[in-house]
Every structure is written in structure tokens, then in C-alpha cells.
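Colleague: Heads up: the sequence shown begins at 1 in this note's numbering, then just goes up one per residue.
Source of the hints: derived by calculation from the structure; they are not laboratory data.
Watch out, some of these pointers could steer you wrong.
Said to hold, decoys possible - Heads up, simulated SDA-like pairs for lysine to any residue below, C-alpha to C-alpha not over 20 Å straight-line: (1) Lys-600 / Gln-75; (2) Lys-470 / Gln-486; (3) Lys-600 / Met-589; (4) Lys-470 / Ser-195; (5) Lys-115 / Asp-238; (6) Lys-149 / Leu-80; (7) Lys-149 / Ala-592; (8) Lys-375 / Ala-229; (9) Lys-470 / Pro-207; (10) Lys-602 / Ala-229; (11) Lys-287 / Ala-108; (12) Lys-149 / Ala-104.
What the hints assert, rightly or not - Taking CB as the label site, the calculated pair distances span: (13) Lys-287 / Glu-525: 37 to 45 Å; (14) Pro-39 / Glu-105: 18 to 26 Å; (15) Ala-25 / Met-589: 27 to 35 Å; (16) Pro-213 / Gly-383: 28 to 36 Å; (17) Lys-115 / Glu-445: 30 to 38 Å; (18) Thr-342 / Asp-34: 36 to 44 Å.
All residues carry an ideal CB built from backbone N, CA and C; glycine is no exception.
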Amino acid sequence: MGLFFLTFVGWGVGDVLMNIGTERADVVARVGPDPILVPAYEQALRTEMPQIAQQMHLDDPSQIPAATREQIAQQVLQRLILQDEVALAARNHGLLVPDSAVRAEIFAIPAFQDKNGKFDRTTFNNRLRSSGMTEARLIELVRAEQASKALMEPIRNGAGAPDLLTRRIFDLEAQTRKVDIVRVPFAAQTPAAPSDAQARRFHTNHPWLFEAPEYRHARIVVLSPETVARSMTIPDADLHHMYEQQAQRFNTPETRSVQVITAPNEARARELLTTWQGGASWDAMQKSAGKDSASVEMDDIRISSIPSQELGRQIFNAPSDTVSPPIHTDGGWAIFRVLHVTPAHISDFESARPALQAQALAERVQAQIGDRVQKLQDAIAGGGLDSIPSELGAVAVAGNVDAHGMTQEGTPAPIPGSDAVRQAIVARVFSQPKGSSPELLQAPEGTWYAVSVDGVTPARPLSYEDSAQKVRDAWMDDARRHAADQTATTLYTQAQTMGGLAHIQPAVPDLVHSTPFSRAHDVTEVPHDIAEIAFRLDHTGQSLMVEADGAFYVATLTDISTPDPASQRMLFDRIRTTLTQAVADDVEMSYAQALQSIVKPKPNPSAISAVMSAVSGKGNPEAGQ
1 MGLFFLTFVG WGVGDVLMNI GTERADVVAR VGPDPILVPA YEQALRTEMP
51 QIAQQMHLDD PSQIPAATRE QIAQQVLQRL ILQDEVALAA RNHGLLVPDS
101 AVRAEIFAIP AFQDKNGKFD RTTFNNRLRS SGMTEARLIE LVRAEQASKA
151 LMEPIRNGAG APDLLTRRIF DLEAQTRKVD IVRVPFAAQT PAAPSDAQAR
201 RFHTNHPWLF EAPEYRHARI VVLSPETVAR SMTIPDADLH HMYEQQAQRF
251 NTPETRSVQV ITAPNEARAR ELLTTWQGGA SWDAMQKSAG KDSASVEMDD
301 IRISSIPSQE LGRQIFNAPS DTVSPPIHTD GGWAIFRVLH VTPAHISDFE
351 SARPALQAQA LAERVQAQIG DRVQKLQDAI AGGGLDSIPS ELGAVAVAGN
401 VDAHGMTQEG TPAPIPGSDA VRQAIVARVF SQPKGSSPEL LQAPEGTWYA
451 VSVDGVTPAR PLSYEDSAQK VRDAWMDDAR RHAADQTATT LYTQAQTMGG
501 LAHIQPAVPD LVHSTPFSRA HDVTEVPHDI AEIAFRLDHT GQSLMVEADG
551 AFYVATLTDI STPDPASQRM LFDRIRTTLT QAVADDVEMS YAQALQSIVK
601 PKPNPSAISA VMSAVSGKGN PEAGQ
């Protein structure tokens, strides 16, 4: 129900100290003449705290660390204060919200509607009851929200991005560059095989490359959303019910991709139509549209996404790849061409089953993971890794592993989870002392694990005789890289001297002339590292050299191009929209800061601490500091 989530501008310490002991016990803060009462703050905290606890995989808000609880309490109170400040300003400006508008807003909230999209009183009452909110409080919040919107929306709508800034950002994003580029791969080099003496010297000079790693024998227990999901079964009856509840999700309407040009009058529209029907490309039509018309290309849109009902009807009745005659719409005259039609699609229950099952499992795992983590922790504390109940959905593995997560056979250890999870667990195996008691720890992606190390095989150096083939392979790899480095360096030096790779004689073999690339869009023939450096060069003819992907690359910048905004109107408009949104956020924040400088909020630390104690079960003596 919160309206604004802006960064809070804190109140002064002096204000806090001046108001200690002077406020009613049922007021947590006062915004001008308006109090924020304990029930409202407590309700907001009770809504927020369980969500945070669930995200942290904790069973109860009281388990949230004190510092985190304090931060949450401050953020919730800050949000309430800001809402009250905006509502007070709206009231001071005489903005009144009629009951009919409040009623319409509440009736339109999807959470209060039945499956037919109509307001349902029973659903409404149940939702309020489950969230602990009264009807009067909801009406109060909605009324304040609408009044605040009436005040804030004109402030936001008046914000705009400066044309100069929009053009600068457009130039940055739309500028393209080209390079001549040549790749010198390591694998293509053919150095002579090393002599026995060379191989032995390489072995002596690189002892860290030739040793048997330390192995640790560990027992590992992993509990994650994936392992818990594998222990669950979703009845067909539940899946059928979900399918019926989500019928719209599996009934996809027809979508179309279309190019549209709008013109100020019919004559101009027919002029553009003649050009388009004459075979002009879309790029040419965008240029022909000029300043008095607008062009847009929309991919896979539904009929409901088109603002003009008449234009939408015509687009969805038109044949594909045909330019339509001019159509009069609310926004003027329009011509269009349908590029692609994706027919409507209905998924039957069997087709939808995998998605429904995945959704149901995710929901049940989310609901049960906290309880299972607690039970796993209790089991480990009571009997170590030998007393894990099978019904928890935990997975146990055991064996020897090195610091890279590999077994003695050279295969990845069968530790369940992503690379990040495996790395965290292996790191714990190599940091935990042998024989120490297992401890339940949290890894990335909501995974929990415990480790018991019961054996350590120290690393040992390998003699030349034990690693002769590995030594020769490493020597050859090093020699190939060195040879590629020499070849690429020679090309780079010649390119610098002669003004580019294309001017080297004899001609450089396998030289590639790249297609244009931008900061936002790489091309396959130009590695990302090369593209990044190319945009740091300030004129054509400059060359660079980079090592990447098992090769050295040498490249020469050959072209810098900045297009006219008229040729990329969609990109230019997107940038303007994004910047306008950012400016509007800044204006809104400035207004909020101005409100706080006029009406300074006055918190009541003792009431805040009391609410914290009631919600989380622990006091929060630092709440008002």
C-alpha cells in the first residue's frame, strides 16, 4: 500500500532530543499536526518484518539481527513520514478526494476481485483479515494516496530532459565504430618440441605447475530449494486447480509485428503511402517521414497494446506484408505494414503441466524451506551428519576433493548446486579444521550446507619422471603463446608505423573488416575487450593489441560514425524517456526535501522501541539514535 519509496532525508538529532518525553505514548512520530500512531506503524512493521525474515530464511522476525531490524524499522517509519508529509501538503493545497473516487480505486485493486475481475466483498474481507488491516485504515490509505497523486503527478509531469543532454547521451549510445582486425591464435603456432634439457629446466623453474594437489575427504550435506523440490510431489488435483485459476496465462492472444507511420493530414499520408508502395525500405520511409510525421516499429504487440482502437482493429484485420491505405485515427492519419503474425495459442493441461508443476514446487519450497532449515540445524546440533531425517530433502555426498572441486579421478565432485554454491562449499572444506564439528552455513542462492572433514592428504611435488608429459605439454603451451605474442607484436608495430593494418605490405593474411559496432551492441568478429578500447581512441588510424580467448588480437580503428537522431527515432525517444524519468525522480525528491525542511518530522524513540519489541519480540534501544 505504500505510495512512495524515496530515499529518506533524516531528521536532526536536536529535534529528537528536544521531543524526548514530550509526546504521547501512542504516537511514534508527528508530521506537523498529524500523528503517526502506534497501530499504523506496528501494522506496517508486521507486514515488512516477516517478508524480510523469509528472504533471510529465518523462521521468525525475532531472529533478524538487531542492526537489520533497526534499519527496517527506520525505513518503514521514513516511508510513513514521507507519505504523511505529501498528504499534508495535498491537504494544505485544498486537494479533496471524493468517496466515489476512493470506492472506484478500491474496487479496481486486483487482490479484491473474483475470477471474473469484479469486486468481491468476501475476498475483500478475507484479504484485510489476513493482512491485519481494517477497512477504515485501507480507505484512509487510499484517500491519502489519491490526494498525494493529485499533488505529485503534476510535479513529475512538468519535468523534462534537456535536449542537449538527450543528444549527448544519444551520441554516446548510437555512435558506431569499425576496425580492421586480425587474430593470432596460440594454437596455430608450431614451435619445435623441447629437448629433454629444456623440459627439465622448465620443470625446475615452474614447480607450482607440477604437484599433486592437497585432497580432503569430506562429508557434505546440502539443503537447497532444488533438493527440497525433488522431495516433493504435487497432486494432479492441485495442478488442475492452478490451471483453471490461471487460464489467461495459457491462452495467448494473437500478436503482430508492425511498422506504423503517422501523418498530420490525409494528403501527407497518401504521399508517404505512394513512396512506401513504390518499394522504399523502412529506413528510407523513416527519413521520408521527416519532422512533420512520426514512425514506429512494434514487435509482437497485442491489440490491447495499441492506444487507438480503430488503428488496432485495422492492424489486426490487415494481411501480412501489405502497406495499408491511410486510416484516420484519434492521433491523425496513419499508414502501416504488418511484418509478422503470431497466431493465438491455447495450451492444454498436459502442455501446461511442467510450468504449473514448477510454479507449485517453487511456492511450496518457499513456504517450507525455513522450517526445514531449522530442523536440519537441530538435527546437526543433536547428532552431527549421521542423524539427518530423510524427509527434509537434504542431499548427502562424501569423498576426496581438491581445492578446485575435482576428485582424484579428475572429474568434478558431485556436489549439488551451481558453480557459486560449489565454490562456497569447497572453500569451507579447505578452511575447516579436520575433525571439527559440522556447522550449518548459508551459501548463495538460498542453499544451506554443513561440512565434516575427516581426512587430509597434503599436496606434494611431482618429480620430472612422474610429470614428464605434463611438463612437455606446458612447455609447448608457453612456447605457442610466446610465438603468437611475437607475431602479433610485429603486426602491431607495423600498423602503428604505417597507419593501420590495411597498409602493411605484403598484405596481412586473414585481415577482417568489421561491421559497425556500438557501446551497446558488440559484433561477433570483434571481442568485447577490443570494442571497449576502440571507443577510447579519438581518431582513425590508431591501432591496439589485446590478448583474449587463447589468442592475440591486433586492430586498427577505421571509422567513427554518429548517426542523426532522425534515423534512430526509437532510440532517441527511449533515451529522452529514460532521462525524463530520472529528472522527474530528482524533482520529486527535491520537493520531498523541501517538505521536510518546512514540516520537520518529530519521532518518539520510546514508542518506536515499544513497537519494535511487540513486533519482533526484542527491544530496540537504538531505534531513536
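Colleague: Taking the hints in turn, state whether each one holds.
Modeller: Quick rundown of the hints versus the structure:
Distance check on the hinted pair: Lys-600 and Gln-75 sit about 17 Å apart at the alpha-carbon level, within 20 Å; holds. Restraint check for Lys-470 and Gln-486: the C-alpha separation of about 24 Å exceeds 20 Å, so the hint is violated. Using a Cα cut-off of 20 Å, the hinted pair Lys-600 and Met-589 holds, with the two alpha carbons roughly 16 Å apart. A C-alpha spacing of about 14 Å is found between Lys-470 and Ser-195, which places the hinted pair at or below 20 Å, so the restraint holds.
At roughly 17 Å between alpha-carbon atoms, Lys-115 and Asp-238 fall within 20 Å of each other, so this suggested pair holds. Straight-line distance between C-alpha atoms of Lys-149 and Leu-80 comes to about 15 Å, which keeps the hinted pair within the 20 Å bound. In summary, the hint linking Lys-149 to Ala-592 is supported, as the alpha carbons are separated by about 13 Å, within the 20 Å threshold. Of the pairs offered as hints, the one joining Lys-375 and Ala-229 holds, with about 16 Å between alpha carbons and a cut-off of 20 Å not exceeded.
Between the alpha carbons of Lys-470 and Pro-207 the distance comes to roughly 12 Å, so the proposed pair stays at or under 20 Å and holds. At most 20 Å may separate the alpha-carbon atoms for a hinted pair to count; Lys-602 and Ala-229 exceed this at roughly 49 Å. Only pairs whose Cα atoms come within 20 Å are accepted, and Lys-287 paired with Ala-108 is rejected, the gap being roughly 43 Å. With a C-alpha separation of about 15 Å, the suggested pair Lys-149 and Ala-104 falls inside the 20 Å cut-off, and the hint holds.
Range check, Lys-287 to Glu-525: Cβ separation about 28 Å, and the 37 to 45 Å hint is violated. Checked against the hint of 18 to 26 Å, the C-beta distance between Pro-39 and Glu-105 comes to roughly 23 Å, which is consistent with it. Taking the beta carbon of each, Ala-25 and Met-589 are about 33 Å apart, inside 27 to 35 Å as hinted. Hint check: Pro-213 to Gly-383, Cβ distance near 32 Å, so the stated range 28 to 36 Å holds.
For Lys-115 and Glu-445, the hinted distance range of 30 to 38 Å is satisfied, since their beta carbons lie about 34 Å from each other. For Thr-342 paired with Asp-34, a C-beta distance near 53 Å fails the hint of 36 to 44 Å.
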